[in-house]
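2 protein chains.
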Amino acid sequence: MAAVSSRAPVSSRAPVLTPQAEDFPRWYQDVIAKAELADNGPVRGTMVIRPYGYALWERMQAEVDARIKAAGAQNAYFPLFIPESYLRREAEHVEGFSPELAVVTHAGGKQLEEPVVVRPTSETIINSFFAKWVQSYRDLPLLINQWANVVRWELRPRIFLRTTEFLWQEGHTAHASQADARDYARRILHEVYADFMVNVLAIPVLVGRKTARERFAGATNTLTCEGMMGDGKALQMGTSHELGQNFAKAFGIEFTSDSGLREHAWQTSWGVSTRMVGGLIMAHGDDNGLRVPPRLAPVQAVVLAVKDEAVEPARNLATALREAGVRVEADLRTDTPFGRRAVDAELKGIPVRVEVGPRDLAQGNVTLVRRVDGTKAPVPVGGVVAATLAALDADQAALLESARERRDARIAEVSSIADAIEATGSGWARIAWSALGEEGEDKLAAQAVSVRCLVRPDGSVPDSEDEPDLLAYVARAY
Amino acid sequence: MAAVSSRAPVSSRAPVLTPQAEDFPRWYQDVIAKAELADNGPVRGTMVIRPYGYALWERMQAEVDARIKAAGAQNAYFPLFIPESYLRREAEHVEGFSPELAVVTHAGGKQLEEPVVVRPTSETIINSFFAKWVQSYRDLPLLINQWANVVRWELRPRIFLRTTEFLWQEGHTAHASQADARDYARRILHEVYADFMVNVLAIPVLVGRKTARERFAGATNTLTCEGMMGDGKALQMGTSHELGQNFAKAFGIEFTSDSGLREHAWQTSWGVSTRMVGGLIMAHGDDNGLRVPPRLAPVQAVVLAVKDEAVEPARNLATALREAGVRVEADLRTDTPFGRRAVDAELKGIPVRVEVGPRDLAQGNVTLVRRVDGTKAPVPVGGVVAATLAALDADQAALLESARERRDARIAEVSSIADAIEATGSGWARIAWSALGEEGEDKLAAQAVSVRCLVRPDGSVPDSEDEPDLLAYVARAY
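Chains A and B supply the protein sequences, listed in that same order.
So the first sequence is numbered by our numbering: it starts at 435 and just counts up by one.
So the second sequence is numbered by our numbering: it starts at 435 and just counts up by one.
Hints are computed from structural coordinates only; laboratory data are not their basis.
Treat the hints with care, as some may be off.
It does not matter which identical chain is used: a pair holds within one copy or between any two.
Claimed, not checked - Derived pair list, reagent style BS3-like, types lysine-lysine, alpha-carbon separation capped at 25 angstroms:
hint, residue 1, residue 2
1, K741, K503
2, K468, K566
3, K683, K468
4, K468, K667
5, K683, K877
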């Protein structure tokens, strides 16, 4: 806990955050400031990710990266700077991204002959290399991922959710057939993104298909994971796109098939970003701060020495927990008031707090505090490891379960556009896609409501928006 | 080995690289192309790091990151874009970096009111936040690191060694006293950088102090790790700077000391970059390609099935090696000629090659080929794990030893400037700093020779360039 600042004096248990019910957006900003997650940067819309916020992101990276590698993709790195002309090669893509571009016109003390854009996403530059690397069907599938920063000039920036610069991974693949590309886009959606979000972030995302209106610029199909936040709004947490042959034709990615014909490759791209940190805050946070799911938590347990006499036992307990595989920190700063340190651990959402005080110790006990439900219980010193492991397991499940209950309780079944708009005041609406259509989508948009995704009646992901009986999930979104 | 391209036909064992002795720079470019490490990007001086090159970088990151965290620093992330005015606040710093800046003048379809620079390094923006975060001596030391891309417009780019955009880590710290800052800059130099370079990269770097001429723009002292490459030139592999109070004064980083006085913080910054990949290639590579030290290698052993009958035994051996903790890949692509696959593993410098062929198998053997010394030996199937582990250990030591022998053999003891320049035709020269001085340094510079570092007679790092009896290492450098 070396980086925990102890400047702002916290008077015992007085609320340090605006309550969610009073002003959710302000609560969100308060959590980010008080849990020391991030700051605004000096250039409008940029952010500084502070050590605790970055530790959350590093854990997300590690979990997502392992799943991407298990899906067969390899990491690489492509340049930040893209010649402006590259962007123009795919018509819809340039139209979608032009208003958001940052452009370097001067470098090395001179005006550049051709301006370069700072990547808003890397389809154009990566596919220009795929065109060199792909010659034969033997070179396919080509499965590449990169972890990088990207820049999109935002008119209404919001920290973590919509920032001018953000960190993400972007996967780019080329396949010999449409079916293979389609399968891979779905594999990433389910095995990488939804698996991570449900089982690690404990956010029960809905997976579905975007409507044409909401599709990525240049894609033939966008698949999405949508999470419900604490205020009932939706957050797009990750997307996986089928690009068809759009970029392959724009960049000349051709291969000789096994029957000797020259064909254009079929492609996908997919990404998740630091926006997920915003989703984590808003999906699980409460009036006392963050609640971090144990499997994600960079610090799963903190052992606090209440007074000097407890320093040695606290240190020993931290060692025992570490040896049991728990990501643990010992907070031995007895020169800082105990209440302030406890509030700080609570703000940061550390799942288990082991409070080691002389009075409890005299009876052979410590106090185990669980962040998810706020329960406090005495635990014998010898039982701390087992109790902590049990709490971490139970609270991972409890967070997912309570997020699922909230989501299900806040989805209204409706049959008219007016009712759908009404329902999005406090949650999501589910409506037959046939009762909505693109015209209905326009009416929703006029009220700042959007179709988050289309799903089949059994909850699976449709192959087309023209399938019969599709359901649309409709919401206000971040 | 999924990403290994099999396009370029390699005719048995004909050399695929320009021999080092014929043209070292061309050999370097050949290795980068044939081992599929990197490509040039479309914007001059940028590079694409291909999967195998990136895997080397990921291993470097993991090893360096663990050492940085052990030294107490925490990762964070600061914006890519810095207001131009920030750069101007530290006079030497702006003078050093101005000629290399890339400037964004337009964004979101409009001209910006104040141009922003793409970070060439982050002292200015990070220290503007340190000024907010540091108030009391209790907030110190503040130890921050970031992994990021930076941009410096290069006139003579060279892939990995000097690129317009490169990847690095940059550490930035603030301390309550000059002594504490000085100690930390040295701790990073020795415990993070030199330890990693010697014990993982197997490059016996010299550590020393830069002369005033070679100092980082804005620093009061620059410490460096210098490696000798295969052609006898020097490569600056990493630097650690004491910044004194220069940035603290420019950005107002003040704290209340334990005696209640307001004081400016003392600072350090330090970094290593993708340039180390270039150092790895040039320090250990030979006419057959890369030689990757086992501790670094993303793939420590590859098990090659020579023919179809060997696929199953090869797969089993790979599993046994993986279970023994070896980073191993099975190459079961029996539809690709075996010779081509063996050459490819050699080009990529994979330390151990286990060749599994039907003839050897009939006798209960496989062939174990060691990349470092090129030896081939039959090994009983049941002894492969032990033989591989032994080879990995021995070859890590052998690479370091041979690099140390080359370095020591190529350092000439000289006493005149003319002899020093002469010696740098094939290696380094060591000369008394008193025989050189700043005037001598100017004469060397006129011949494109530089002082790489100053050390004490016992090899330790001096606290000042005015200490008596200092020795200067002099070389041509990348």
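Okay, the hints, checked on the actual structure:
no.: 1; hint: K741 x K503; in the structure: neither (46 angstroms within a copy, 28 angstroms between copies)
no.: 2; hint: K468 x K566; in the structure: between (49 angstroms within a copy, 14 angstroms between copies)
no.: 3; hint: K683 x K468; in the structure: neither (50 angstroms within a copy, 28 angstroms between copies)
no.: 4; hint: K468 x K667; in the structure: within (23 angstroms within a copy, 51 angstroms between copies)
no.: 5; hint: K683 x K877; in the structure: neither (35 angstroms within a copy, 57 angstroms between copies)
Consistency with the previously given hints fails for numbers 1, 3, 5, ordered from lowest to highest.
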